[in-house]
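There are 4 protein chains.
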Amino acid sequence: MSSDYQQVLDTIHRDVQPLLRQGKVASYIPQLSTVSPDHFGMAVFCLDGRTYTVGDADVKFSLQSITKLFAFALAFAREGDDVWKRVGREPSGNPFNSLVQLEYERGIPRNPFINAGALVITDILATRYVQAEIAVQQFARLLANEPAIDFDHTVAESERSTADRNTAMAHFMKDFGNFHNPVDIVIDAYCRQCSLTMTCAELAKAGSFLAQHGTIPWSGTQILDPSSSKRLNALMLTCGTYDAAGDFAYRVGLPAKSGVGGGILALMPGEASIAVWSPGLDEAGNSLAGTYALERFTTLTARSIF
Amino acid sequence: MSSDYQQVLDTIHRDVQPLLRQGKVASYIPQLSTVSPDHFGMAVFCLDGRTYTVGDADVKFSLQSITKLFAFALAFAREGDDVWKRVGREPSGNPFNSLVQLEYERGIPRNPFINAGALVITDILATRYVQAEIAVQQFARLLANEPAIDFDHTVAESERSTADRNTAMAHFMKDFGNFHNPVDIVIDAYCRQCSLTMTCAELAKAGSFLAQHGTIPWSGTQILDPSSSKRLNALMLTCGTYDAAGDFAYRVGLPAKSGVGGGILALMPGEASIAVWSPGLDEAGNSLAGTYALERFTTLTARSIF
Amino acid sequence: MSSDYQQVLDTIHRDVQPLLRQGKVASYIPQLSTVSPDHFGMAVFCLDGRTYTVGDADVKFSLQSITKLFAFALAFAREGDDVWKRVGREPSGNPFNSLVQLEYERGIPRNPFINAGALVITDILATRYVQAEIAVQQFARLLANEPAIDFDHTVAESERSTADRNTAMAHFMKDFGNFHNPVDIVIDAYCRQCSLTMTCAELAKAGSFLAQHGTIPWSGTQILDPSSSKRLNALMLTCGTYDAAGDFAYRVGLPAKSGVGGGILALMPGEASIAVWSPGLDEAGNSLAGTYALERFTTLTARSIF
Amino acid sequence: MSSDYQQVLDTIHRDVQPLLRQGKVASYIPQLSTVSPDHFGMAVFCLDGRTYTVGDADVKFSLQSITKLFAFALAFAREGDDVWKRVGREPSGNPFNSLVQLEYERGIPRNPFINAGALVITDILATRYVQAEIAVQQFARLLANEPAIDFDHTVAESERSTADRNTAMAHFMKDFGNFHNPVDIVIDAYCRQCSLTMTCAELAKAGSFLAQHGTIPWSGTQILDPSSSKRLNALMLTCGTYDAAGDFAYRVGLPAKSGVGGGILALMPGEASIAVWSPGLDEAGNSLAGTYALERFTTLTARSIF
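Protein chains in written order, with our numbering: chain A, 481 to 786; chain B, 481 to 786; chain C, 481 to 786; chain D, 481 to 786.
Nothing false has been slipped in among the hints.
Any copy, or any two copies together, can satisfy a pair, since identical chains are not distinguished.
Below, simulated SDA-like cross-link-like pairs (lysine to any residue); rule was C-alpha separation at most 25 Å, straight line: (1) 565 <-> 731; (2) 565 <-> 642; (3) 565 <-> 657; (4) 565 <-> 588; (5) 565 <-> 764; (6) 565 <-> 587; (7) 540 <-> 642; (8) 540 <-> 487; (9) 540 <-> 497; (10) 540 <-> 510; (11) 504 <-> 586; (12) 504 <-> 585; (13) 504 <-> 656; (14) 565 <-> 776; (15) 540 <-> 486; (16) 565 <-> 763; (17) 540 <-> 638; (18) 504 <-> 657; (19) 565 <-> 502; (20) 565 <-> 762; (21) 565 <-> 499; (22) 565 <-> 775; (23) 565 <-> 668.
Keep in mind that the hints were calculated from the coordinates and are not lab data.
Looking at chain A on its own, in the form it has when it is part of the complex (with noise of 0.2 Å):
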């Protein structure tokens, strides 16, 4: 079956043309606003170890809350269930850097992929390693078997000078008792940890041991038993596309993470994952042609896990 998916690759990208103007690229971080609307990659890494790419596959592009996925990763093969002490696993119902709920739950983020629960988990990193961004980064080149990761300093700098709202956040989890390190410290490595750049087909491999039950298709190595890989999953599903996970269930039915930088990581779980990227965003802040290309894949590809 898999023979089908550049037929589908070209269509899809044929097909998202009209959209690519329609987002808005984010710019709450200065540079990030300079990336030019038109990028459009997407990447299909097989279990078997095939890949189909097309557009814009080779282009490096800001992870941005995609890391979130790999620092919670880590977190949870590192920590286990003791994770879900310092943050709870239910979508958030509200804009992705609300206070509200924050203070409604007495400092516990209702879930790792919220910018609090980000915020958090890059707090227990801090605690287990020197410097946390390092550890993101090396668990992502291991995942990608790719040695050139690297961090994008001009957007961590950007995004160190707008923290604001992120650094209230982290004051006030601490308040609640629930932040362990200095806070910027915490903040320094979590703008850093944002800044981490992949192309589509760096971002498919490195993901694809979520969908071969929490083990690299490629090395055999274990990163997450298959039942926390498949939790994992869920938890994406439910929360991995800000406030949007609703909709983006219901229209493309698959475990997804997105960031702001335009990227979205999507598992099918026991066959691949795929990577999509294109820079302007819907109003929820996932990447408009890139919610589309994967709702269209699953729809060409009759493909769900539902």
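Place chains B, C and D on chain A using the hints.
The following block gives chains B, C and D in isolation, referenced to the frame of chain A:
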């Protein structure tokens, strides 16, 4: 593989015994509180026609919110995407009967499975049918292939006498223009609809069309097209278990709809539908032993959608 | 000093002219929206019996929320501190008809001057009197020494037909156990009560007992003891002008109660009561020219309670 | 009349004894929790120069939030109505350090007496003065005519070490553009400012300009013009006692500002200023015995602004 299901059910039946008295039987409706917490029943309806049952799988119980699934499926089948003008499809992120979010979102309930959303769905049916609750009953009879699916009038009256919060929500939505029929009539229909009773065996059968891509397995009658059926499953996964959808997906990993009567309907797309019933509820209002039983089921069979 | 009041009123009358068309006449009740925004009337009733008027001081207008003051004074006079078991006495800090706070505070409205609180007060009166609205009417007639204070039935019916939000709140409070009579009966009484009409001259007279420490100046009839009267004035200052109580106190510096009909009753304790009417409202729902007129009055006479 | 004040104070001193151990000494700052709850002091400064005192009226205590009044008066005197571009003047209707409202209102605190608003005021002062806290100290010395008003550095450091919530709020407002100086510098100044100590006698004297229409009684120095002074009194009445402003106005009926150190400054415009201190707090964070003492004072002297 399904030949092992009986053994799995027997194992689960034994394992859940210590949990039966740990949950709390729903008490907000006087009539529901009289049910013994010792009940436990489970039924698996495979798409090939085989059925496996254990415990009280043939005892009728009050469907309560599970009827929201049937009411929505009926409205969705009739109105198509027009239903999304009246209700959203995002997890609520708040206790299931909160008015706060309804005010914040200008009278559009977050999804059709919270009370406010279910009231809108009944309002939609009340516009199309003389008696909305009879339409839902007939639909349930068709789906279960069982003419003896009836209301429990004592439960309906009990619910009607404590319907102030639902009545408040209906008037509130009417104020926002999102309620078209007289409030009293819709509340009556809604309370009757919720009082429908089924056995686990009947419920598993009634839900099987959602495992079979929208088509009733034994008759070939298409209720929903495959895409709509897939989307409804996605909606169940993100919104079907009150404020615990994230946790339920994490632990069980199947689309499901629960009710405060203690029943849960879960789906294994392409394979089977599962009904479980045990009246003791956890803090989120889902059957405590029922959720555990489904978690065990996916663990023992190594099956989930993820 | 009060010999100058006529001159002050004449000055104010001239000064407010440019403001008359800047406010927005209430439109949520169809009947109210037909009133011309050009009206302006003002009356000062001094405790020594002298009365000063200007403009449309003898034109009847719809009291609306100002009746909440009379209803509360009646309930307070009859029930004493027991009223505080059913309603609070803190400013709302939110738009005047919000349900959020009501949910947060478990069905106890913040104060008797927001809609929810006024509904509870009418509910209290409905327990004591056969017809709560007639009791309020008779009370207003007594206070104003004027037998011709009547309902405007067209306004009452207009309000009744758009009472969904108030009905929602009543059912909501009933769900919390803070509503004792049938919702429909109380809503009817409430809508009629709100439709009472008075002139500025009548209203200033009717409010004068609150300037005279609880006793009607011309008859010596004690409505409230001095301590209760003082406390009711304090309540007006902190809660009497919707969500703008802070701003109103800052600018005007007198206890007052406003209504969306454009009327405001203000008090100079120990000296006089003042009524002003102009239908155009500001964003908070208070008479725009009326608030300005009172601000000018305290500035020109160098009088305020502060 | 004021000749009776000594007798009134003596009566109150006797009456409050049973209440002294009912309140709860503030514990959120370690240093504050060490103060004995048995203290009670009260001072009345009459505009004619006479002073009446009772109990511990000459013992220094931590002013805490009462310094918000001095800081605001200083900023208001310097900036005039420009302060209202940065902060509102409505009661908060929520616990005094809530972030929810701040988010809802886009970074503009509701009033200068909640923590967020006081931080903005300190930020304003930090723009104008090299050291905001020194400016407040000098201002307090001027108002009290007392050169020995100093910081308690141990308290300031204690507060600094638990300032995470205030730091969160400052960053949050900075994110909304409503914070101009480095957060750390302003938080430092704020914690020092809060640690200022005074005796009741000094505090009553320092507040007397607000009873004298903005002018220091003994020197004739005008701090605020009469209109501004009146307005500041109004602000104290509606916002000066945390989330209990309505209840305080109802019971006491005087403009006042309280602090968690157990002090309260209250004003009788045109007559006197009153300071009371007792460390035990009620649930809203106001001095329990102090509030009762002021309630008794207005009852025994039959004086209030209403």
